[in-house]
Structure formats: structure tokens, C-alpha cells
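Remember, the numbering used here sits 232 above the position in the sequence shown when you count from 1.
Rather than coming from a laboratory, the hints here were simulated on the basis of the structure.
Note that the coordinates shown come from a computational prediction; the quantities given were computed from them, not determined experimentally.
Keep in mind that a hint or two might mislead.
Stated by the list, open to error - DMTMM-like cross-link-like pairs, simulated, lysine to aspartate or glutamate; straight-line CA separation at most 20 Å:
1. Lys315 to Glu336
2. Lys469 to Asp455
3. Lys343 to Asp287
4. Lys410 to Glu381
5. Lys406 to Glu429
6. Lys469 to Asp442
7. Lys382 to Glu336
8. Lys388 to Glu336
9. Lys471 to Asp498
10. Lys395 to Asp417
11. Lys475 to Glu488
12. Lys475 to Asp498
13. Lys523 to Asp543
14. Lys469 to Glu432
15. Lys413 to Asp442
16. Lys311 to Glu336
17. Lys410 to Glu336
18. Lys413 to Asp455
19. Lys469 to Glu488
20. Lys315 to Asp391
21. Lys413 to Glu432
22. Lys315 to Asp398
Unchecked claim - For each label pair, taking beta carbons as the anchor points, the in silico distance ranges come out as:
23. His346 to Ala437: 40 to 48 Å
24. Gly389 to Gln463: 57 to 65 Å
25. Val345 to Ile422: 31 to 39 Å
Where is the CB? At the ideal position from N, CA and C, for every residue including glycine.
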Amino acid sequence: MGCIRCIKENNWGGIREEKNVEEVWGGKDPSFFSTAIVYDRSKMRLECEVVILRDSDHCLGISARRSTKTSKAIVTLGKNHIKGGFRYLLHVATKAAPRGPQIEIAPGNIKNVHRERVSAGRMSLVFVDPPVTLIVMKSIPAHLQRFLEKLLAILKGDDVSLKSLDKVKQSDFKAAIKSMKVTSDNLRGITYPPSLETLEVTSLALRSIDSRWFSLPLLTSLDLSCNRLGQADNFLKIKLISKLTNLRVLSLERNEINALPPFFFDLLPSSLLALNLSQNLLVSLPDSIVKAKSLQNLNLSHNLLTSLPRDISDMPLRCLFLTTIDCLACRTI
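With the hints as constraints, model all of the structure from the sequences given.
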């Protein structure tokens with residue numbers, strides 16, 4: 233364990249992630265394409281974050297987590313008719329270069345399809361000509377799954393019904409709503425855009441969990457602090473947190489939570505790095521806390537804890553936040 237602090241830091245030990253991706257397309261300047269997520273089934277058009285790496289980048293050890301530039305991108309799968317037949321093409325367009333590259337989709341032109349993380353909105357395609365890897369990130373999983381199904385059908389040799397590629401216009405690059413703060417306790421009239429990455433539902437004295445909070449596939453930060461969710465009749469809906477496969481930061485601070493369900497830590501997404509449970513009424517923690525192996529920052533300050541699970545010292549925590557009133561708990565670490 234990296235440290236134990238008997239204080240509460242500003243931003244409750246939240247983690248700020250800086251994206252860094254280097255990539256080169258055909259010798260052009262590095263760029264990292266960041267965009268809203270939209271899906272057009274008739275045109276097989278997907279908006280997502282993409283990175284394109286040349287084979288030489290892999291040899292140099294360039295990581296897909298280092299970036300200096302961002303740009304919106306649209307990836308389209310189409311069927312273009314040519315003399316004597318047709319061919320399938322993948323078009324990658326950016327706001328700076330809407331014409332973008334077109335890559336042929338054929339069994340002999342794709343070396344690998346990495347689809348292990350489609351459920352998290354990610355996949356990568358390794359091409360032969362040109363010798364590049366296309367990495368797709370932050371796409372809506374259901375949309376990406378349908379996109380992938382079409383692509384795999386093409387690679388199997390099936391005759392897939394697709395429209396011809398059309399031109400991508402500047403107006404196609406629409407700004408996405410990535411951050412939202414809810415200011416009314418009337419949640420029924422609220423629509424949550426699927427492009428959200430940050431959601432704040434704070435200081436509303438809510439006594440009910442809205443399951444729609446957990447249907448946002450791109451969400452990386454969820455702040456539910458300063459409510460009364462611990463008193464909610466449907467508090468067990470917190471198990472839906474497992475659906476947020478990109479979540480990195482979760483705050484349940486000041487929610488009158490006196491006990492966590494035994495399964496709580498089992499169902500935390502593996503992407504979660506920071507968890508704030510401060511200023512609640514917790515007397516103990518489930519032993520399953522040790523299963524939250526991705527956690528780096530855990531804030532337990534201002535609770536009623538008198539002990540901690542024995543194996544908590546085995547967790548790869550960088551910081552565990554406690555307060556003076558919890559010092560008895562420190563003896564078990």
C-alpha cells in the first residue's frame with residue numbers, strides 16, 4: 233500500500249488522467265481523433281476516438297496512451313461498386329481531413345481483429361495494406377458490436393448489404409455533450425446523452441437510485457455525493473455499477489450509507505481507480521473489498537469504522553484516506 237493519510241484532500245483524492253497518444257498516418261503529423269459517439273445503421277457510420285499506428289510505430293514502442301493532438305473522426309464501412317464487381321472499404325475521416333484514408337476490407341488485407349474489449353467500446357484492426365493498426369475507442373458498445381458483425385461477415389466472404397461511401401462534411405462533426413450536472417431532483421424529465429463522460433448528480437437529497445446512471449457506456453466519472461441514497465428502497469440497484477466498464481472515478485460521499493451490500497466490491501468495474509465513501513455512517517466494510525484490485529485511491533474518512541478487513545493491506549492502494557476518528561481502524565493495517 234502506497235500511503236495511509238488521516239486527512240481528507242481536495243477533490244477527495246480523485247485522479248486526473250492525461251491522454252497521451254502518438255500515431256502517424258502515412259508520415260503525416262501525429263493526431264488523436266476524439267469525438268462524440270453517433271451511429272448510423274443504414275450507412276454503417278460510427279463516430280469514436282481512433283488512433284492509427286504504422287508498423288514502424290510498434291517497432292519503436294510507441295504507446296496508444298501518448299497523445300498531443302485531438303481531432304474528431306468518423307469511421308464508415310461501405311460497399312463501392314467497381315467495374316466487374318464491388319469492394320468493401322473502411323473510410324476514416326477527421327475534421328481536419330474529411331476525405332481521409334480509405335482502406336479495403338478483404339480477408340487478405342486484415343491480419344488481426346482484436347475484439348476482446350468490444351464490451352468496453354474498444355477494438356483494433358491490423359491491416360496489411362497500408363501496414364497500419366486502427367484502434368477504435370470510446371464507441372458505444374452496442375453500436376460497435378453491430379459494426380463489427382458487418383465487418384466479420386465481410387471477412388467470411390458473405391455478401392453484405394451496405395451503401396456506397398458518401399462524403400463526410402464538416403457539418404457531420406457535431407459537438408458531443410460530454411459533461412452534465414443535474415440540478416433538479418425531478419429526474420423523470422432528464423435525458424442523459426449516451427456521449428457523457430462525466431456526470432454529477434449532487435446535493436439533491438435523492439432517496440432513489442436512477443438505473444439510467446448506469447447505462448452510459450462512456451462514463452468515466454460519476455459523482456453522486458451529498459444525497460441520501462443510503463436510505464433508498466432500491467439501494468441494491470447500486471449493483472448496476474458493473475455496467476460502467478469505463479468508469480474511473482466514483483463518489484458516494486455524504487449519502488447516509490450505513491452498510492454496503494456484500495457484493496459491492498465484487499461488482500465494481502475493473503477500470504475504477506478512485507472511490508470516495510467518506511462522510512457516511514459505515515461501521516464496517518465487506519471482506520470483498522480486497523477484490524477491488526484496480527483501486528488506487530480509497531477515501532473512507534469521517535465514517536464510524538472501528539476496524540478494517542485484515543487483508544486490506546494487500547491491496548495495491550496508493551492512498552487510503554482516514555480521519556482521526558478512524559484511527560482504531562489503522563491498527564488492523
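So which of those numbered hints doesn't the model satisfy?
Violated: hints 4, 10, 11 and 17.
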